[in-house]
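Peer 1: Chains as they are written, first to last, in the numbering used here: chain A, 1 to 357; chain B, 1 to 388.
Think of the hints as simulated: they come from the structure by calculation, not from any bench. C-beta: ideal position from N, C-alpha, C; glycine also. Check each hint, because a few of them may be wrong.
Which chain A residues stay away from chain B? Per the calculated CB distances, all over 10 Å, these [unchecked claim]:
(1) 64
(2) 69
(3) 108
(4) 111
(5) 112
(6) 165
(7) 202
(8) 209
Partner residues aside, some chain A positions facing chain B, computed with beta carbon under 8 Å [unchecked claim]:
(9) 66
(10) 67
(11) 110
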Amino acid sequence: MKVLVAMSGGVDSSVAAGLLIEQGHDVVGATLKLWGGVSDSGCCSVADVDDARRVAQMLGIDHHVFNYTEEFERHVVAPFVAGHAAGESPNPCIECNRHIKFDLLFERADRLGFDAVATGHHAQVLSRDGQHFLVRGADDQKDQSYVLGYLDEQHLAVLLLPIGAMQKSEVRQHAERLGLRTWDKPDSQDVCFIEASKGREVFLRSRIELTPATIVDGVSGEVLGETSTAELMTIGQRRGVLPGRDGEKRFVSRVDIAAQRVEVGRLEEILISTIHLDEPSLTFSHEAVEHNTVVLAQWSAHGRPQLATLRHDRQHERPWSLQLHAPARPVAPGQTVVLYRANEPEIVEGAAIVTGS
Amino acid sequence: MSTQYYFDHAASAPRRDEVAQAMARWQHGVVGNPSGSHRAAREARRAVEEARDDIAHFVGAKPGGVIFTAGGTESCHLAVTGVANHHRRHHETTSIVISRVEHTAIIDAVELLVRDHPSVSARYVDVDSDGVVDLESLTMALSPDTAVVSVMTANNETGVIQPLDGVHAAVKESMFEGVVTHTDAVAAAPWLDLAAVTAPIDMISICAHKIGGPVSAGALIVRGDVLLDAVVPGGGQERGRRGGTVDVAAAVGLATAVRLTMAERDDVNQRVGEYQHQLLAAFRQLPGCVITAAGASRLPGTVHVTFAGLASDELLFLLDQAGVCAAAASSCSSGAAVASHVLAAMEMDPERARGSLRFSMGAETTEEDVVALITILTSVVDRLHAES
């Protein structure tokens, strides 16, 4: 098969390319140039492109750099900024995977005559009865099925995930065996367009004015403090929130940028049992799941999946929601929730963006 | 790669055998330091001075005005920074005037000066929709504190030739004293008679690898009494204008390439000029193809076009698969094709600019290359239109 491998310069995609070559595929590497600005983290720096190119040279395959900086700005960075300005907590990596890697790159690969696209994600594609399913990666610590949760049959049918069945240690062993210079490169963890040394606040301040707000106890109305950056407060977070006078921990329960008000509460006061889903963003890997289906819902990259019932109430203003079987800390609007099957907890059923909880 | 059709001379031209042979003598065994006094040094010095004579002749300047550098970027940097630094040591304010379509070697040098020195400012000269410098805009940009004006001889992306006579006239008519003019002639060097077209300009930058010589070899040529500070001092070489031991092999390589260019220029211009017509006539028939700067006078070796609805990345990928080496003209340090500041200065619609391609030819280009390119590009464009 003619395979286009998305190479980030990291060890996972390098090994993915190496294994596909060993399997006899006709492999071409491509690195996506996404962020036009300064970067010291993530997968966009010139050094990472250099690594990917050098790995491709060592493997003896062609390597191309595809420029998606404009699309990245439009689909990822601008919505990230706009989301924060509206008091939401968007996940830029998911938007990047969705709009850039798995829309634009797949379309391009098809136009350029490739049979399949491969990436170095820790997730697997299961083929069963003529259908393809996204399955969690074998390495629990590294599983990335969450960030790929909205892939559907059309994508999955032409997607290869060569390292998804491996533990990270096996990946590194392969890298060493293949003589790849990235074999001991640390994993990238951060958002590529935010300099790790400066953080989210510095980045957002370069784009928007951040809003000062009063931190208020949501129940008593008591003023507990101030923040100069309401946009950085994430619903459910405790970090940066001082305990109340009673010494008990407080969590953010509501962020109202316009009113310059952040509400906090004790854990038992803020727990939620319903998560509302954004209908246009809701995707299912195959046919839509029926009303009242029990699923496992996960709303952060390495969060613990929670049992929930997916409800579809057409009469309701927000028709799709998740009824949690056990109360949970509130989930910030803008976050993505991925649905796994309750009876086959490794298999992804769909994904959606949270509008509120 | 079995067959290769090389259409990226403007990025780097094929190395000439004659150049490699001439340089070989100075790349092994004892090579004296040209600044020394013994026989080996004298021999090296002689080779350097002969090279200097050839280069001076190439641009119609005196040998004493030739400053050897490590390439076009350094030459441009030295011209702009050297003159501006000298000026700002003697004046309260200093302004630098450059066109918006200059190579980043010039733009970045100017931005660095402005960043580091509060007394230095930059003024940018507009271009028309063909990328030709607007002389009225240039006149407006000039001021009594202007130290240096830099306008390239021809643009490296589009091949558009700039009106250097007009630049000189505008500076002269301004009556401002001491304004030094510079032209980046790197892209024009294979094609134009630099002694003629740059005659009224004070400083000229050239480099070797666009004319079949080695990379990291170039020169800044200064006419008359231009005052400039060395950017890299130390050692006093090149009359104190560029420190460091002169690379004899590089100087000989540049001079050899210069001699070959002068000897062959008329023939190559005529032959490649015909190829350019052939390509343009064929490309015009392709869906969505628009010729860039069609109304301007352009170098014979450059064919710059845009394809509506297609992306450079994809065109280049398929061309590469078919053995054609071409460029989107503008690339960043990662190797990705990036939005071109030249096309932006021409106010080209960014959507159109996304589908831009540059094919650049040279002395080695053959009829067979041209025929192959037309066939391959036609099938690539058809295929991308069929798939999208």
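Peer 1: Give a verdict on every hint.
Peer 2: Now for the hints, and whether the structure bears them out:
1. 64: violated, 6 Å
2. 69: violated, 7 Å
3. 108: violated, 6 Å
4. 111: violated, 4 Å
5. 112: violated, 6 Å
6. 165: holds, 30 Å
7. 202: holds, 20 Å
8. 209: At roughly 25 Å from the nearest Cβ of chain B, residue 209 of chain A sits farther out than 10 Å, so the non-interface label holds.
9. 66: The hint holds - residue 66 of chain A has a Cβ within 8 Å of chain B, the shortest such distance being about 5 Å.
10. 67: Cβ of residue 67 of chain A sits 4 Å from chain B, so the hint holds.
11. 110: holds, 7 Å
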